[in-house]
Structures are given as structure tokens and as C-alpha cells.
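**Student:** What follows is the residue order along each chain.
There are 2 protein chains.
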Amino acid sequence: MYRPIYFTLLFCLFFSLNSSANDGYKLWLDYQPIQEQSLKSEVKSLLEGIYFFGENPTFDAIKNELNLVAKGMLNSDPIYSKDRLQNTTFWIGTREQLSQVLSLTKQAEIKALGAEGYWRGEIEFEGKSYYAIIGNQPVGILYGVYNWINSIQSNTFNKSIEFADAPKIKLRMLNHWDNLDRTVERGYAGFSIWDWHRLPGYIDPRYIDYARANASIGINAVSLTNVNANALILTTDFMKKAKALADVFRPYGIKVFLTARFSAPIQIGGLKTADPLDPEVIEFWKKKTDEMYSFIPDFGGFLVKANSEGQPGPHEYGRNHAEGANMLADALAPHGGILIWRAFVYSHEDEVDRHMQANNEFEPLDGKFKDNVIIQIKNGAIDFQPREPFHPLFGAINQTNVGMEFQITQEYLGQATNLVFLTPMWEEVLKSKTYRPTPSSTVGSVLEGKETNQKMTLMAGVSNIGTDRNWTGHLFAQSNWFAFGKMAWNPEITSEEIAKEWTELTFGQDQEVVTKIDEILLESHETAVDYMTPLGLHHIMGRSHHYGPGPWVMGGRADWTAPYYHQADSLGIGFDRTSDGSGALDQYAPEVVQNWGDPHQIPEKYLLWFHHVPWDFKLKNGDTLWEGIAHHYDRGVKNVRKMQETWASLESKIDPEEFDHVRQLLEIQEEEAEWWRNACLLYFQTFSNRPFPTDIEQPEGDLEYYKSLMFPNAPGI
Amino acid sequence: MYRPIYFTLLFCLFFSLNSSANDGYKLWLDYQPIQEQSLKSEVKSLLEGIYFFGENPTFDAIKNELNLVAKGMLNSDPIYSKDRLQNTTFWIGTREQLSQVLSLTKQAEIKALGAEGYWRGEIEFEGKSYYAIIGNQPVGILYGVYNWINSIQSNTFNKSIEFADAPKIKLRMLNHWDNLDRTVERGYAGFSIWDWHRLPGYIDPRYIDYARANASIGINAVSLTNVNANALILTTDFMKKAKALADVFRPYGIKVFLTARFSAPIQIGGLKTADPLDPEVIEFWKKKTDEMYSFIPDFGGFLVKANSEGQPGPHEYGRNHAEGANMLADALAPHGGILIWRAFVYSHEDEVDRHMQANNEFEPLDGKFKDNVIIQIKNGAIDFQPREPFHPLFGAINQTNVGMEFQITQEYLGQATNLVFLTPMWEEVLKSKTYRPTPSSTVGSVLEGKETNQKMTLMAGVSNIGTDRNWTGHLFAQSNWFAFGKMAWNPEITSEEIAKEWTELTFGQDQEVVTKIDEILLESHETAVDYMTPLGLHHIMGRSHHYGPGPWVMGGRADWTAPYYHQADSLGIGFDRTSDGSGALDQYAPEVVQNWGDPHQIPEKYLLWFHHVPWDFKLKNGDTLWEGIAHHYDRGVKNVRKMQETWASLESKIDPEEFDHVRQLLEIQEEEAEWWRNACLLYFQTFSNRPFPTDIEQPEGDLEYYKSLMFPNAPGI
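One line per chain: the protein sequences are X and B, in this order. Residues 1 to 717 (the working numbering) make up the first sequence, in order. Residues 1 to 717 (the working numbering) make up the second sequence, in order.
Just so you know, these hints were derived from the structure itself, not from any lab. Do not take every clue at face value.
Since copy identity is lost for identical chains, a pair holds within one copy or between any two.
Straight line, CA to CA, 30 Å or less: simulated DSS-like cross-link-like pairs of lysine-lysine [claimed, not checked]:
{"hint": "1", "residue 1": "71", "residue 2": "40"}
{"hint": "2", "residue 1": "287", "residue 2": "243"}
{"hint": "3", "residue 1": "26", "residue 2": "653"}
{"hint": "4", "residue 1": "63", "residue 2": "26"}
{"hint": "5", "residue 1": "605", "residue 2": "40"}
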């Protein structure tokens, strides 16, 4: 399937080391010269008359950004005035700083936007007009500035139109699963950008660009370390290193969190126990936390994975999750810190359907967690599968702060090589109706916390960032980082809006380019589901590294095998989670149970997630189930080829390095889609004993060959 | 010692993501606009009249380079003529291709330069004058083109001066100690640039820039994998990946080698033995090698570490190194491949001074190795210490091909953070007199092979390249990669010449900049030796990771402890390797034994390497040994501060990102130099029981504190 290598070489030769080709490093902050003359002169006039109503580190960060904008868009330097009335056109400051020039109405309007909101628009003062970006806090202004820059990049800036915005979720957070040796669990973009060894003495300029990129999309918190945690991060040496990063991030409004290993009192505290009710343990965490705040006065808090997949936790001491979480929360509370406790818990000693275990653990504890605890719940109950129904905990607990955990890194969605825009999947989850606590509740409305008066709200995304020059390995994976930020800021935004914005910022505004790339983006998730896990199939990937298909994976603990999940046999396929089966469906609201309980009514995308269905079951389009599975897999492969054609048609309009980067990866994606289709269909055919539909490309290859493939150095583990 | 972080932040802010600051990626190939008008017009006239006397992939690579030169230096595109007499000024081709326009004398002169040599100068033809770059093979022309480019960069190009050159060593090779999981043993610049997982489908543009950089300094071979080898590299899947890299490198004249794990017949061949005399083992390697050549027709060969530090080898089967090496060499011979066998062998089961073990193993085998075997010998007998006397094998075996193994990566010389220019150390080794096989022989002359009629000559350097944006972690570590290439091309070159050339290519030609940076470079090695291991001390670094001082390291096998090497006691310090001691000195030629056998005559830099000397031993400057040790350590620290001052004085003349990068690292180097001095002097004082000289900065801190420091995630292991 690959073109001869020499082809590629010749292709690449012309944009190596010294050329100006785009290597993707600048992300969506690639400030290109403004083409449109009236926009150009308007921006120029603003950048030549800037006045800041004060000084602080965030304003310095804004100045740096304006310098870069002026350099990139106008090839000039901005002019900062020392007198607000002397040749100024552009005012930047907080509501308080500008109070003398703002009407009371405007002040009230801005105040209502909260700590991170901003307003931008024209102000009349003493007969003159000024463009202003105003927030209640400097960080809000920073967000406003990035929004203003985006409006220039997308050619939508209009001075006379006012614009105001504020985030709907309080904590918008990246979770790095980065280990202290710089490997990244489920990382497919190289290695950890945190160079712990050279910290705190060496500040890589990349840390600043990381902060800029996050701030530009509204991310305001990062957890630096893997949830499968190493207690060493809590030693003094590492606190100093984390402090150095926190100091870099602070002007960008980004707080640092760290993962806390529950057994740290034993590993680094010299204690014999980590029992959360033990006074010495309580004292250990109090002191540790105090020390942390001595280095990082605005430290965000801890993120904890406990009693899951072998991680230590309160269960070892006969305590429950609330007792474990609250003990840490108490240590953080005096400093205003937050304790995030993951709901992704399941045990191989528990025979209950893994799907049910989180609800079984957490529902009885609802209301028992401290105010500064947030329960972080994955979007689905299994584990970031290509598609999952929403997690039944959303809506089930309503007296506890809950937050979302999405996975930006593509552990189950093509890893290093597949183009998959995840936003439609996230949107599907956020718009899912929970029917609890109110009949109109959705996952998104639960997260916004209004219905429950939830004080702390959170959306976390497991980072896809690494040392690769373009940050995310696949250029298009940048869109998922971008989209996560946008969605955390506003869970009601649509995939179409995000796709358009990212594409324009990344590839410019040629309408053919935007239309075609958006088409690629918006179809890519359904395409991946088709060639990986259609119709509600799940957890049938390669063992451990999760790379490629592995529906035959057996051995070891049952809930890590594939047949546990697909349940294929001579009669049919799928996991019966109705009350006739595991009963997991009953953890949802009755309305959901009713909608999804009948295999003829449930949306087909979730069919095999909840039902064991005969091979000859009739799908809505008249296919039997077996035919439908085959058609989905085949369509997935064909849609990848369609993506390739669409991409190829843009060759003349895309930077050559970017073009070839994506072209090569799409060729790999085509091979991997074929691999998934062939391997899965050949395998499932051993149960269905039915021929493939004649209208599909016949799966080729030998099942034994596919089963024999080994990837001992696959990345991300 | 560090400045407050916020300082650094503000500093960095102004050259992040979007600016044009220099991140070091372009190495010494950073083609900047030509300032000098006459040079500019001369180069312009040449680049607008290029004629190639033929077509081949290397000429394509040359065209790519000329495109980049024209773009960077002139902001234009070159003009390639299709007719050699039509508006051409610049002729490029092989001697054969140009035979009609060259005098017989000139042809003979060029022919004598060999396959990789080149000539450049003016040719008169039919009354017109052309500038020409000519070689016997395309790769020679490529080297000539890079040499011509360098002459422009250093403003020394003069059309009317002829220049010819050819390498003095045949194989000029990088050894990557890169693992298949992308970790790099002794790597301090991030991770392996070989993205095995995405190969062969994805060709990172960086591979091409890597090839360009190597070709530009004459490197013509690379071993891709760690000498502590993984047999998986010899499986078909990985051969395809290696082939993809070989295809990229081929136009640049670079051959691919791989490391062969001696026990591969067992691990991937399904055999019960790896006995080199076993017919099945012989057949395994023959087939494996044939398969390798089916993918890479010009595959270089294998590099093998056997029976050393736990690696498998022929000893397990009662066979010697020659029997092991020759078996592999026989498999390679039909394809023209080369077998490189490392002489770095020692065993913890052997009680003999580790210094002696290589000679004990290899001297008796001299003459028993096949013609296509090269014995690769480290510069010294222990292990890449900050300074070592030359390895006694050089000159001791003269009927066997021998090659040099230098270490470019700074395992023992400051790793990720210290500025140490290694060339003076290498030069010291190459100029060391071996007195064998001729009275005037040096290590360098032995390597050139003329005295022994050695057919294959080799200089290998253990790579310091990784995924860090600037390739080598420390910007100045680029100088070591550069210097290695230059020295492998011409072992007679001086450190001063290399320093000047690298500095001019990297920082431009401002004479203050060049003078001061050369001063930093040329003093840096002696400085590091002073604060790490003065007067012949060695192997006193931290255990395993080798980061920082560890003169107290005890436990485990004796030859991996520090006291085994420094032998400090209440009487004195140093390893007696004279005939009264281990006798290692006697492995050298009698002239060396005579020069070094007397502690009063031996150069003091090697004193404690060969002699156990009383604390009150008088040094040449009148110091006692104890005082001398203290003065050396103290001078090392002070010289780092001098380097800092020199660097600081250049702030206005250096790119701000580069300036701050080096400034931060020099601050860390100062801290680490103090750490070495304090830890070592406090430790050795427990034996000497003498006060520190009053004229040094008194070592501060607590020995127990230094001993307690742990670096569980230090890079490179």
C-alpha cells in the first residue's frame, strides 16, 4: 500500500532543515500576514496605540502575544503608550481599572461575566472612540485578547460589534499521563514535554508556548503527572521542579495539579500505613500539602486514581472512597485546594460487570464527599472506547461535585497514525439525556452544575501532547486539543463550529480547503467506529498496547479479554446488559432503560453494547446483523479512502510539509483500517458461519496471520 | 545559584512560538544572507548558471542543498541549465562525466583523491572560465559542495583558489545507542529520533535533515541501534523499517549498520544454541544476512558487543572472539559487508585489572580475524572517562583491522547540562605516541592504517543526537557532533581549526564572538577534568546513571565501584598500574612504560591513573598532592564562572533564544561543578586528614548530604 520510499524522499527533500515549510509547531497561533487591506489597516491602527491600565505578569503575557501578532500579521512592532489619552486607540484593563470611563450599566454587565469572562467593543470617552478589551481579572482579558486575535485570523473582526463571553465550566483541565522518566502512558506524540531532569534550572521555551496554546483555548488547569502515580513527585526535589513550571504557567491563568499516590505515606513518608483515618497519615498529607503550597501558593490540588487497576487506595484499610478523598481534601482545604477523585474504579476481584462497578461504589456515597472534592467520571463506563453510551453516574449522584474526563489522546482511536476528530463523539455524550436530576437534564447540563447548585465544575481531558515537533504527532490531532479547550469552555458548542474554527486558524480561509477539511474532520469519527467497533462493539483491541484489532484476546483476568465484551457465539454477538443479563442498563434513569432496553428500539450504534443479538437479527436497513457488521467495517475502509482522495485534491493549497505529513499518515490509516476489517470479520465469521455480503471488498489474509502479529515496542505503555 | 524563575520567564517570553529566534535546529547549516557584496554577487552568478553533468539521487540531494543555499543566502532560486554551454557558470559532475573538458593531469590528480575525494576550482574551456566541483563519485561531489558552502559561510571563498580534499579514514561512523522503545542509552538529548513504530510508512522530514547534517561533515555510516542489542531488529518487520531509513540516507552517501545480538539465533531463530561453529547457527546468520541485503543492497554490516557487561558472546560456547567475529564476517563477506567487533570487553569473573582485559583477550588473536572484520577500540582502556591515556591495544595488534570508538555523548562529561568541547581530548589521544608498529607511530597514524597496510579504517563516535529540537540537548554539544565528523575525515586536524570553523558556522563571523566562544570551547575540557577527575582520577561518578560525583560508590561487583579505581587510603590515592601494581602499564610499548613508569616523570594529568601516590607527594608546582587535588577542583569551578562571564559579555551579539539557553545551562554547570568539588574534596579529606588550602573557596555542605542524593529518573539509562 505504501508508495515506493524514494518517491517520498524526493517529495520531502524540498522542505527540509532550512526551508520555511510548516512543521506544525505554531498550532492555531500561526500569525500570518493579513491579506485584506481594510482589516490590516484597522489592526495596525489598534496595535499602534495600545494602552494598558496597569501592570501585572498577565499583562506582560498579553504584550508578548501582541508583539507576536504585530510581527506575524503586520511585520511591525506594536506601540505602547504611557498615557491613556495620548495617541491611543486600544485600551486594555480590568473593569476596576477602567471604572472611570465605563458606564455603570457596562460595569454591571462586565461584572456579571465572572472572574474569567471578558467584554470587547468600542467605548466612547470625551468624544473619542476607543477599542477596549476588559475583564474582571487579568486572565479574563487574556482570554478576550486571544478571542480578538482569532477574530482577525478568521477575518470576522468588526470593531463596532460588541462581544462578551465567559466559560461555563470552572476547571478546564488537561490531565497529562506523563511519567517521571518522560515516558507517557497512552502517549503517541513522542515523550513527555516535562524535562524533569533539567528542571528547575532549565526552562525550555516550549513550556511557555504550551501555556500560550492552552490559554488561547481557555484551559486553566493542568495535572502534570500520570494518574498511575509515582510518589516521588511529592518529594521536595520534585516540588521545586513543579514550582518552576507553575511560575511559567501562572501569568497564563493556568494552575498546576499533581497526582497523589495514595500510598505515598509509606513510600516517601516512612510510615507503615496509608490508612486515611490514621493520625500520622493525616499529618503526613497535611505537612506535604503545606510544603507544596510553600512552593506554589496557588497550587491547584491533587488528582487521585485509587483502588483501580492495582493502584493503592483506601480499600486496603477497609475505608471507602469518601474517606480516602476527604482526608486529602481536608489537607488541601485551608489553602483553597481541590481534590479530584477518579470514578474509574473496577476490580478483577469483583465478578460484577465492570460497567456497573463505579455506580455501585459511588452512588451510596453521594453527599458524603467534602465540598472541595470533585468526582471525575469518564465519558463512558468502560474505558474511552471508540464509542460509548454516556456513563450512568452522570445524573445518578447529585449531591456531589462531578466532572467529566474525556480522553484527547487516541488510545483506542488510532493512536499515532489515524486522523480522528473526536468532537462529534464528545458532543454526542454531552447532549445525551440523563433525565436526572431533571427531565430535561443532559450530561452537559449536569456538568455545568446549575441543576444541582454544584459549586465546582470540571472538564478534564487526557492530554495528547508530547515532544513531537507538532506537539500531537498527527497534525490533525491538534484539532482534538483545540476542541477540548473550546468544549470545556462551552459544552454547548457544536462540532461544526469547532471544526470550522480550527480549520481556518490552521489552514487559512480558502473556502474549498475549509469545506473539504471540515468534511474530513466531521466524518472521521464515524469512519473510525465503522472500521474498529461498529454497532456497539467494544474492547476488542490488541492486548495491553491497544494497538490494532484483537477480538481474540484471551487469558489473564477476564475483564481484560475481548470475548468478555463481545460475547460472540454461534447464535449471535453482543453483551446483554439488560435486566436479563448483567443489569447494567438499570443503572440509568427509567427513561433510558425504556429507550435502550428493546433491541428493536435502541439506536443501532449502541445495539451490541446492551444486547446479545442473533446473527440474523434484522437491522433497520434490512441487513441481517451479520451483513450489517460486514457493511460497517467495509464502509469504514472505503471512507478512509475517500478521506485520502479529498486530501489529495487539496495538494496545491496546502503547505507541502503538512500535505505530505498527512498524506503519509492517511496511507497508514488505510492499511490499518483494512487490518481492522479483515481481522475482525475473519474472526467473527468463525462464530457466524455465514458468508460475507458480496457487495463488500472481501476480507483478505489469514486469521492466524493477524493473530500472530506482535508489537513489542508499541508506544504508549 | 539560580536566578528567580520569573526573571527567566520574562526573558523567554519574547522569543517563543511565533518569533524568528534561533532554536538551534538548523545546526551548522543555517544559511544566512550574505552581507559582503562582492561575495554575494559571485555566489549569485554561480547559482544562476548551474549545470549538472548527469542525473542521480545524490545530484538531487545536491540540488536540494543548492536550493536551500540560494533561498537562505540570496533569497532566490538557483537556475539549472539543460545545456552545459548555455549561460552556465558552475559545473558539477564526476571526473568521468567531465573527462572531455579536463586535462589529463587534472584527471589524474582527481582520480588520486579516491572514491570520496573532490576537487573544486576553475576550469578553462573554449575560452571561457567555469567554476567546477568534481569528484570520482557523486558522493565526493556532495562533500565538495558542502565544503564550498562552508567557504561561503566563513567568507573565505575565492574562485581562483583550487581546493582538493579526501578523507583519511574510510568508515566515519555514528554509533547510536538507541533502543527499539526509543530510549537512548547514555542519551541526554531527549529520545531516539528513530520512530520505529511509524516506520516504514512514515518518513519524518528529520531523517533527511539528519542525513544532510552528517554528509556535510563527512560521516558516511551509521549504526542505528544500541550495542546492548535487541534481536528484534533482525526480524523482517524491523528490516523493512531499517530499509526505509537506508533509502533516505543512500543519496547522502551514508550506509546503515545494525547491531547484532550474538544470541539472536536463540531469540528469534528458534535454535537452542548460538555457538558460532554450529552449522545451524552459521546457516541462521547467512540467511539473516541474505535477507538483510534483499532489503538493503548496500547494507554496511553488523556491529557487535559480545561477552562484555553481560552481553552474550562466543565465550558461552568455549569459542574466542575471532571465532565469533569471523562467523558473522563470513555471512557478510559475499555482500561486501563489514563486521565490527568491539574490544570493550571485561568480565566481573576476571579478577585482573579491568584495564588489562581487552589486551589480554585480543593480543593473542592478532591476525586471526577475517579481512572484513574491524576491531573497534575505545580511546581508553576503562570507559570514556573525562580523560584517559590512550588504549594499549592501539599499536599492540598490527595484523588486524582496528578502529577507534570515541564517545560524543557526554556520559561522563556533564551529560545534559555541561558545556564541554571534546575535541582537545580526542586530539590528545590521536596525537599520543604508541611507538608501535613504528617508532613514530601515534594513535592517529595507526588508525589511518598506512603503517600496517590496513585495508579497512574506521572512526566511530557514539552519537549525542536525540529528539531535542536542537538535536544534542546543549547547543554547544552540536560542536562535538561536528568535530567528530571533521576529525574522522582528517585525524590530523587541530582542535583550534575545528573550534573556529564550528563557531563561525554557528554564530557568524563577528571576531569578538568567535574569539570568546573559541576560548570557552578550548578551555572547557580541561575545566571539566579539573572539577570532575583531575590528575588522573577516574570512575568516581554516581552509580549506574553516572550523573554527578560518587567517589564513595561501593557494593556490587568491585569493578563498578569507585574505590576500586581511586584506591584512596590514609597514605595516599591512585591506582598503581606499574609492575609493582596491576602491571597494566606493561601492556604499552617500552618507551611508554619508561615515560609513565616514574611518578615524577609521568605527565601529571595521568599521575593517579598509574600510580598510588602519598598525600604529601610534591607536584611540579610545589603543591603537595593533596593541595594539588584541591587546587584543581577549585580551579574547575572558577573556570566555569569565567565561562559564564565570557558568555554574558556576548549577550548583545547572540540570538536571544540561544543566549538564554546557554546562560541557563551554564548556571546549572556552575552548580554541578561546585557539587563535584565539594563532594569529592569532602570525601577525599576523610582519607587525607589534611586541611584545605586557604586560597581555595572552602568546600561547603555536608558529605552525608551529598551521599544521600538520589536521581532515580536520571536520563540515559
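**Student:** What hints, given by number in increasing order, does this structure fail?
**Tutor:** Per hint list: single violation, 5.
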